[in-house]
Amino acid sequence: MSDLVLHLARFASALRGRGVRLSLSDEADGLAALTLIDLGDRDEVRRALRTALKIRPRDVAVFEELFAALWSAQEMGSSNPPVQAPRIANPARPRAGGRLPGRDGEPRSESAVAAGEEPGYSPEAVLRRKSFEDLSPADLAAMERLLGRLALRLATRPSRRRVPVRGRGEADLRRSFRRAIAHGGEFLSLARRARPIERPRLVVLCDTSGSMDPHTRFLLTFVLALKQVARRSEIFVFNTTLVRLTQWMRQGRIDLTLERLASQVPDWSGGTKIGECLAEFVDHYLDELVDGSTVVIILSDGLDRGDVGPLAGAMRAIRSRARRVLWLNPLAGDARYEPTARAMAAAVPYIDRLLPAHNLESLERLVPLLAA
219 MSDLVLHLAR FASALRGRGV RLSLSDEADG LAALTLIDLG DRDEVRRALR
269 TALKIRPRDV AVFEELFAAL WSAQEMGSSN PPVQAPRIAN PARPRAGGRL
319 PGRDGEPRSE SAVAAGEEPG YSPEAVLRRK SFEDLSPADL AAMERLLGRL
369 ALRLATRPSR RRVPVRGRGE ADLRRSFRRA IAHGGEFLSL ARRARPIERP
419 RLVVLCDTSG SMDPHTRFLL TFVLALKQVA RRSEIFVFNT TLVRLTQWMR
469 QGRIDLTLER LASQVPDWSG GTKIGECLAE FVDHYLDELV DGSTVVIILS
519 DGLDRGDVGP LAGAMRAIRS RARRVLWLNP LAGDARYEPT ARAMAAAVPY
569 IDRLLPAHNL ESLERLVPLL AA
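If you count the sequence shown from 1, you need to add 218 to reach the working numbering.
Certain hints may be false.
Here are the simulated SDA-like cross-link-like pairs (lysine to any residue), alpha carbons at most 25 Å apart as the crow flies [to be verified]:
hint : residue 1 : residue 2
1    : Lys348    : Gly428
2    : Lys445    : Thr459
3    : Lys348    : Val585
4    : Lys445    : Ser580
5    : Lys445    : Leu368
6    : Lys445    : Arg537
7    : Lys348    : Pro432
8    : Lys445    : Ser243
9    : Lys445    : Thr475
10   : Lys272    : Arg449
11   : Lys348    : Asp431
12   : Lys445    : Ala246
13   : Lys272    : Gln446
14   : Lys272    : Asp259
15   : Lys272    : Arg411
16   : Lys445    : Ala250
17   : Lys348    : Trp289
18   : Lys445    : Pro586
19   : Lys445    : Leu345
20   : Lys445    : Pro432
21   : Lys445    : Ile255
22   : Lys272    : Asp244
23   : Lys348    : Ala360
24   : Lys272    : Ile255
25   : Lys272    : Glu582
26   : Lys272    : Ser243
27   : Lys445    : Phe285
28   : Lys445    : Ala359
29   : Lys272    : Arg380
30   : Lys445    : Arg411
31   : Lys348    : Leu521
32   : Lys272    : Phe285
33   : Lys445    : Arg236
Note that these hints are calculated values from the structure, not bench results.
None of these values were measured; they are calculated from a predicted model.
The task is simple: from the sequences and hints, build the whole structure.
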């Protein structure tokens, strides 16, 4: 980490030397971004730094020039060469401008296959759509890296609201006119406003019962990545009992984290009593952890072996305090799914959004709902 801080400080100093305005807060955002990505991927590092450092359009050319020079000189990794996560095998790619055959034999455009980010048939595009329960051991490292990148989008996503700022920002004419009126009609300075990076407060409750086993690893990987970028986060798991995990969930190897949790959390991969566990959360933690700025995320397939009687009351209490309640259900990835299980039917009236959580593409829908 110390080498990473040093290299980033040198890069920031070089940018300032060429007239690019950076604050210490920008550097901190840049460092946070670098801890969530593959440092061996040049384009990924470049995009993350350009976003986190808030490079203005007029400074892009300088940024690109200095980044290329520093990367070529291997200054970004001279002390400790970046270790790249294992990648899944890259299938054959079509020639530039070519078209791919569809299932019916008719050609399809490359963009239709990749659905947006990169043209062409890529391992990442395939992995984004692949169900968590169908992933092979060879897919694990690549998927975990992609989940970390998805959380990074939240760390660099501007709020929808605009706030007054000093320095950089768009002109706020209304406030400028009010300020001028207060000074006898004279414009002393132009007021500005900007959309800040809004890191939400999160409370996550994750079902670790046996029916959730195929998805638990990846959902907790995503939750762990979210924890690094949220303003404040609290993490719980539940099956037949509720366990607060916030202090256990440290950044690191997810397999070691899961091994530790499985040995210490009672009834891991066993049955589930959703209603009783959420009622326990309401009784012991709701007032302390949930307020009008908190997004509550429940990760569960809604299959409950216990008494669902307490569930409606617990959900009503959570909804009354939270800014938003999101329920992520792996079963909802099936187009035929209906929330008719007893627990889901009881919870639905108090959920803002019921979302699928069976693959990476489904989790991408969550990020816009977390920003303020």
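Hint by hint, here is what the structure shows:
no.: 1; hint: Lys348 / Gly428; verdict: holds (21 Å)
no.: 2; hint: Lys445 / Thr459; verdict: holds (22 Å)
no.: 3; hint: Lys348 / Val585; verdict: holds (19 Å)
no.: 4; hint: Lys445 / Ser580; verdict: holds (19 Å)
no.: 5; hint: Lys445 / Leu368; verdict: holds (12 Å)
no.: 6; hint: Lys445 / Arg537; verdict: holds (22 Å)
no.: 7; hint: Lys348 / Pro432; verdict: holds (13 Å)
no.: 8; hint: Lys445 / Ser243; verdict: holds (19 Å)
no.: 9; hint: Lys445 / Thr475; verdict: holds (14 Å)
no.: 10; hint: Lys272 / Arg449; verdict: holds (19 Å)
no.: 11; hint: Lys348 / Asp431; verdict: holds (16 Å)
no.: 12; hint: Lys445 / Ala246; verdict: holds (16 Å)
no.: 13; hint: Lys272 / Gln446; verdict: holds (19 Å)
no.: 14; hint: Lys272 / Asp259; verdict: holds (20 Å)
no.: 15; hint: Lys272 / Arg411; verdict: holds (15 Å)
no.: 16; hint: Lys445 / Ala250; verdict: holds (12 Å)
no.: 17; hint: Lys348 / Trp289; verdict: violated (33 Å)
no.: 18; hint: Lys445 / Pro586; verdict: holds (16 Å)
no.: 19; hint: Lys445 / Leu345; verdict: holds (23 Å)
no.: 20; hint: Lys445 / Pro432; verdict: holds (22 Å)
no.: 21; hint: Lys445 / Ile255; verdict: holds (15 Å)
no.: 22; hint: Lys272 / Asp244; verdict: holds (7 Å)
no.: 23; hint: Lys348 / Ala360; verdict: holds (12 Å)
no.: 24; hint: Lys272 / Ile255; verdict: holds (17 Å)
no.: 25; hint: Lys272 / Glu582; verdict: holds (23 Å)
no.: 26; hint: Lys272 / Ser243; verdict: holds (10 Å)
no.: 27; hint: Lys445 / Phe285; verdict: violated (29 Å)
no.: 28; hint: Lys445 / Ala359; verdict: holds (19 Å)
no.: 29; hint: Lys272 / Arg380; verdict: holds (16 Å)
no.: 30; hint: Lys445 / Arg411; verdict: violated (28 Å)
no.: 31; hint: Lys348 / Leu521; verdict: holds (23 Å)
no.: 32; hint: Lys272 / Phe285; verdict: holds (15 Å)
no.: 33; hint: Lys445 / Arg236; verdict: violated (35 Å)
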